[in-house]
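> Okay, here's what each chain looks like letter by letter:
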Amino acid sequence: MHELPQQLVNGLLLGSMYGLIAVGYTMVYGIIQLINFAHGEIFMTGGFGALAVYLWLLPEGTTMWLALPLMIVGGIVVSVTIAVAAERFAYRPLRTAPRLAPLITAIGLSLALQQAVWAWFPGGKNSRTFPEIEAGPYHLGSVTIQSGDIFLLAAAPICMAVLAYFVRKTRTGRGMQATAQDPDTAKLMGINTDRIIVIAFALGAAFAAIGAVAYGLKYGQVNFRMGFIIGLKAFTAAVLGGIGNIYGAMIGGLVLGVAEAMATAYMSDIPGMSQLGGQAWADVWAFVLLIVVLLVRPQGLLGERVADRA
Amino acid sequence: MTALLEVEDLRVAYGKIEAVKGISFKVEAGQVVTLIGTNGAGKTTTLRTLSGLLKPIGGQVKFEGKPLGSVPAHKIVAMGLAHSPEGRHIFPRMTIEENLLLGAYLRSDSDGITKDVERAYELFPILGERKKQAAGTLSGGEQQMLAMGRALMSRPKLLMLDEPSMGLSPIMMQKIMATIQELKSQGTTILLVEQNAQAALSLADTGHVMETGRVVLSGTGADLLHDESVRKAYLGED
Amino acid sequence: MRNRSLIAITAALAAGALTLTACGSRDDGKGKGSSDGGSTVVTIGVDAPLTGELSALGLGIKNSVDLAAKQANKNKEVPGVTFKVKPLDDQAQPSSGQQNATQLVADKSVLGVVGPLNSSVAQSMQKVFDTAKLVEVSPANTNPALTQGEKWDSGTKERPFKSYFRTATTDAIQGPFAAQYLYNDAKKKKVFVIDDKKTYGAGLAGTFTKEFTKLGGKVVGTDHVNPDTKDFGAVVTKVKAAKADVVYYGGEFPVAGPLSAQLKKSGAKIPLVGGDGIYSAEFIKLAGKNGEGDFATSVGAPVEQLPSAKSFVDNYKAAGYKEAYEAYGGYSYDSAWAIIQAVKAVVKDGKLPSDARAKVTEAMQSVSFDGVTGKVSFDEYGDATNKQLTVYKVTGGAWKPSKSGTFEG
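Chains as they are written, first to last, in our numbering: chain Z, 58 to 367; chain P, 169 to 406; chain A, 196 to 604.
Take the hints with a grain of salt, since some may be wrong.
Claimed, not checked - So the derived list for chain A, only partly shown, Cβ under 8 angstroms to chain Z, looks like this:
#1 SER250
#2 ASN421
#3 THR424
#4 ALA436
#5 LEU481
Said to hold, decoys possible - In the DSBU-like style, the derived pairs of lysine-lysine whose C-alpha atoms are separated by at most 35 angstroms in a straight line are:
#6 A:LYS512 - A:LYS271
#7 A:LYS546 - Z:LYS182
#8 A:LYS539 - A:LYS570
#9 A:LYS352 - A:LYS582
#10 A:LYS435 - Z:LYS182
#11 A:LYS588 - Z:LYS182
#12 Z:LYS226 - P:LYS400
#13 A:LYS570 - A:LYS595
#14 A:LYS512 - Z:LYS182
#15 Z:LYS182 - A:LYS392
#16 Z:LYS182 - A:LYS384
#17 Z:LYS226 - P:LYS223
#18 A:LYS582 - Z:LYS182
#19 P:LYS194 - P:LYS400
#20 P:LYS352 - P:LYS230
#21 A:LYS546 - A:LYS303
#22 A:LYS598 - Z:LYS182
#23 A:LYS517 - A:LYS539
#24 Z:LYS182 - A:LYS322
#25 P:LYS243 - Z:LYS226
Hints in this document: simulated from the structure, not taken from any laboratory.
Every residue gets a Cβ at the ideal spot worked out from N, C-alpha and C, and that includes glycine.
Work out the full structure: start from the sequences and follow the hints.
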């Protein structure tokens with residue numbers, strides 16, 4: 058069991074990334090009850106946005122310490138632009154349509170974004186290598202932290218703290234909470250709910266872009282399909298944590314990440330389970346966990362019962 | 169002098185069903201005006217239209233002489249029209265204080281806001297005692313107080329109260345009505361929608377009786393209170 | 196109003212997505228009609244992943260077949276016959292492969308197909324081609340079951356489809372060859388075996404494990420990965436904890452590259468070894484400098500070193516293809532050339548026989564020529580008789596041949 062600390066760290070790192078992406082699902086769902094299935098692709102475009110900055114806007118050989126902040130900005134600009142445009146032109150006209158219409162639109166948008174990157178990003182048909190941070194690895198006892206993980210390790214808590222401050226302490230943040238709890242009454246307070254919805258999309262996209270930069274640094278590559286599976290996982294994390302709750306999204310991500318790491322590492326050691334262990338089965342166990350949690354707490358780990366919605 | 173609020177031939181529909189079929193009335197500054205009537209008469213629909221949550225299909229609404237026709241809800245608040253909705257609709261997962269602050273969402277004078285929060289606590293001492301409590305845990309009457317306090321936080325020129333006494337115990341109802349009386353004496357202009365006609369008409373300068381989307385009878389509060397048909401229909405007398 | 200814009204937007208998005216998808220597969224829609232200005236037109240179909248993560252390999256296959264057809268036309272290899280190429284994209288998906296197979300069968304001018312890349316795709320295509328008696332020559336499939344039946348491992352070999360041939364060597368040889376190299380030459384004794392559970396990867400891992408343990412090596416751990424994932428943190432931690440001195444990966448480079456990088460970054464400085472599925476420049480790109488010292492086996496002798504291959508390499512360069520010929524270029528050229536030779540055997544005075552497809556399939560069995568990769572001919576199962584293999588090692592950011600040999604089981 059001496060590898061346990063490392064496996065925990067592996068899971069927490071993976072989970073932090075799920076959490077960063079899950080925030081976008083949960084905020085949008087919390088406010089307009091839309092499962093924005095294109096969010097995984099918004100994440101993906103953020104990665105390509107950051108890469109584009111590195112490849113074409115920065116002189117060759119720019120040190121990563123200088124390049125990284127600019128790449129993050131680039132990724133955020135791309136993701137946020139796409140998310141806001143999607144809200145304005147695809148989702149808003151469907152605000153009062155039956156639920157299925159925006160859902161199908163989201164799926165269509167997701168495919169369109171994948172294909173757009175595939176077709177138009179130079180070399181986008183294959184994986185594109187992402188620049189690395191030249192540092193580390195760092196050893197803490199039996200735990201190794203790789204250079205690509207440092208960014209994620211720092212970014213995830215900072216992002217969550219900023220988000221928590223924003224939602225609880227700023228006027229716009231309170232307006233967002235109010236809109237999530239009761240959109241009509243929020244309008245009676247003078248809250249421009251359309252604007253709040255745009256902000257929710259934009260914030261979610263910005264977090265996804267930061268997650269995508271973390272992905273690129275951690276795995277050394279980005280590709281046009283990278284948003285699909287991880288988007289599903291992040292959505293799972295959002296549901297696990299209680300969809301609509303931003304802290305739930307992060308907690309759900311971490312729980313999911315650790316569960317996957319543990320399943321990969323130890324499931325096959327349980328007698329009789331050797332066929333059901335390993336990384337390929339980790340996804341299955343992650344969903345088993347989701348089902349168990351939802352059976353016990355249908356509203357998710359931190360979710361509130363919807364009854365008080367009146 | 170023009171009235172604070174002028175409603176002319178207002179018509180509102182849900183899909184094909186017309187809920188308000190051409191009503192007209194005025195609210196003068198400093199007055200309390202009440203709309204009474206049974207369930208489904210169109211009272212709440214009227215208020216929701218005035219505050220911009222519903223769009224009329226005909227007629228005109230003027231607030232301080234300016235037409236409200238296509239102004240979105242969040243801008244109507246800015247013009248000075250506050251609406252405490254039916255069913256109270258406080259924000260359950262936020263504290264009492266946060267709810268009150270949301271009432272002042274459009275204001276940026278933090279000193280004034282602090283003062284008005286204090287004023288709300290004076291008006292409703294129970295709220296002041298529990299300012300950090302989640303609003304969803306309050307009793308119905310306390311939630312009503314919060315909803316009214318929240319509506320006042322925007323310093324409205326016109327306060328619209330929709331069924332403030334609904335579902336409350338008689339004691340609590342009296343308290344709420346006393347508060348409305350107090351607001352009136354302070355000079356607040358109020359448009360009050362009530363099923364409890366007795367209480368509403370005793371307070372009101374002017375009353376309008378609504379039936380299936382139309383105003384069928386108008387008069388001063390005292391006149392209506394003594395009108396025979398009103399007494400029969402709404403005050404439970406034979 | 197709202198409803199109409201909903202429909203419009205949804206339709207626009209769906210249409211957009213579909214058009215973009217379709218772009219990839221519309222390369223050559225012509226080739227119908229088997230007569231072209233007096234000369235008979237024979238189409239060689241190509242099925243390979245032309246888009247997606249494995250497209251590097253797939254495009255190499257397509258270009259090499261194209262080159263073979265051009266050479267045949269230029270040299271009038273089969274008098275009176277003009278060869279055309281019809282490439283279809285299977286995206287490495289068995290379902291797409293089967294659709295493509297149906298499409299190729301429907302085109303009467305197609306007399307042979309080169310492809311696919313993936314063994315799992317081949318499984319979905321074999322029956323379609325066999326029913327139409329259309330010959331299929333794969334330059335890359337290495338799963339033994341494709342030619343020797345599901346029970347090949349227990350010694351009961353039975354050829355399931357008479358129309359399926361391959362110029363690639365099977366896992367039954369490639370896996371053990373790697374095992375022998377690692378145990379005898381590289382002196383590795385403790386291996387951690389990982390595969391992607393696909394037909395190719397799992398098959399390779401299986402034959403490798405069998406030979407490695409037979410030689411006396413120890414398997415200190417196994418795991419299966421999901422090819423759609425890029426996070427192997429948990430797996431590499433297991434590898435490290437198991438104290439393995441080498442990792443054998445049964446699968447392809449999109450996983451192997453990041454896996455190798457994450458392995459080295461975790462502090463486990465041990466090489467990753469794989470089959471021809473990782474023998475690609477893309478692997479080195481994905482693994483970065485961490486790929487240094489990794490091994491791959493690939494079928495045949497190194498193309499660059501064979502004298503017979505020199506003209507192929509030169510011609511490929513001269514033709515100016517955008518993409519490299521990659522691991523299977525030589526085999527693809529030979530596969531296409533085998534079809535051309537089989538066609539040559541059945542054509543009389545520039546005219547095809549009435550049951551051309553069946554005749555070509557029959558003729559394939561006895562095709563024999565000196566190709567890019569050595570002598571090309573097929574045994575009774577449709578497998579290449581050429582059993583040569585090479586171990587390559589990543590040295591200085593490129594694959595360099597380390598040892599060539601013929602497998603003796």
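> All hints, please: hold or fail.
Going through the hints against the structure:
1. Interface restraint check for A:SER250: the shortest CB-CB distance to chain Z comes to about 6 angstroms, inside 8 angstroms, so the restraint holds.
2. Below 8 angstroms, beta-carbon pairs count as interface contacts, and A:ASN421 has one with chain Z at about 5 angstroms; its hint therefore holds.
3. With 8 angstroms as the threshold, the beta carbon of A:THR424 comes within range of chain Z, its nearest partner Cβ sitting at about 7 angstroms, so the hint holds.
4. Here the hint on A:ALA436 is kept, as its CB sits about 4 angstroms from the closest CB of chain Z, short of 8 angstroms.
5. Interface hint status for A:LEU481: upheld, as the beta-carbon distance to the closest one in chain Z is roughly 6 angstroms, under 8 angstroms.
6. Of the pairs offered as hints, the one joining A:LYS512 and A:LYS271 holds, with about 21 angstroms between alpha carbons and a cut-off of 35 angstroms not exceeded.
7. A distance of roughly 42 angstroms separates the Cα atoms of A:LYS546 and Z:LYS182; the hinted pair therefore is violated under the 35 angstroms criterion.
8. Between the alpha carbons of A:LYS539 and A:LYS570 the distance comes to roughly 18 angstroms, so the proposed pair stays at or under 35 angstroms and holds.
9. In summary, the hint linking A:LYS352 to A:LYS582 is supported, as the alpha carbons are separated by about 18 angstroms, within the 35 angstroms threshold.
10. Only pairs whose Cα atoms come within 35 angstroms are accepted, and A:LYS435 paired with Z:LYS182 is accepted, the gap being roughly 33 angstroms.
11. Annotation: proposed proximity of A:LYS588 to Z:LYS182 holds, straight-line Cα distance about 26 angstroms (limit 35 angstroms).
12. Proximity of Z:LYS226 to P:LYS400 is assessed by CA-CA distance (about 53 angstroms); at most 35 angstroms being required, the pair is judged violated.
13. For the proposed pair A:LYS570 and A:LYS595, the alpha carbon gap of about 23 angstroms is at most 35 angstroms, so the pair holds.
14. Of the supplied pair hints, the one linking A:LYS512 and Z:LYS182 holds, its CA atoms being roughly 23 angstroms apart against a limit of 35 angstroms.
15. In summary, the hint linking Z:LYS182 to A:LYS392 is supported, as the alpha carbons are separated by about 24 angstroms, within the 35 angstroms threshold.
16. Proposed proximity of Z:LYS182 and A:LYS384 is contradicted: the alpha carbons are some 39 angstroms apart, above 35 angstroms.
17. A C-alpha spacing of about 33 angstroms is found between Z:LYS226 and P:LYS223, which places the hinted pair at or below 35 angstroms, so the restraint holds.
18. Of the pairs offered as hints, the one joining A:LYS582 and Z:LYS182 holds, with about 34 angstroms between alpha carbons and a cut-off of 35 angstroms not exceeded.
19. For the hint linking P:LYS194 to P:LYS400, the alpha-carbon distance of about 26 angstroms falls within 35 angstroms, and the restraint holds.
20. With a C-alpha separation of about 22 angstroms, the suggested pair P:LYS352 and P:LYS230 falls inside the 35 angstroms cut-off, and the hint holds.
21. Restraint check for A:LYS546 and A:LYS303: the C-alpha separation of about 15 angstroms stays at or below 35 angstroms, so the hint holds.
22. A distance of roughly 33 angstroms separates the Cα atoms of A:LYS598 and Z:LYS182; the hinted pair therefore holds under the 35 angstroms criterion.
23. Taking the CA atoms of A:LYS517 and A:LYS539, the gap is near 30 angstroms; set against the 35 angstroms cutoff, the hint holds.
24. Distance restraint check for Z:LYS182 and A:LYS322: the Cα-Cα separation of roughly 30 angstroms lies within the 35 angstroms cut-off, and the hinted pair is therefore satisfied.
25. For the hint linking P:LYS243 to Z:LYS226, the alpha-carbon distance of about 23 angstroms falls within 35 angstroms, and the restraint holds.
Hint violations for this structure: numbers 7, 12 and 16, all remaining hints satisfied.
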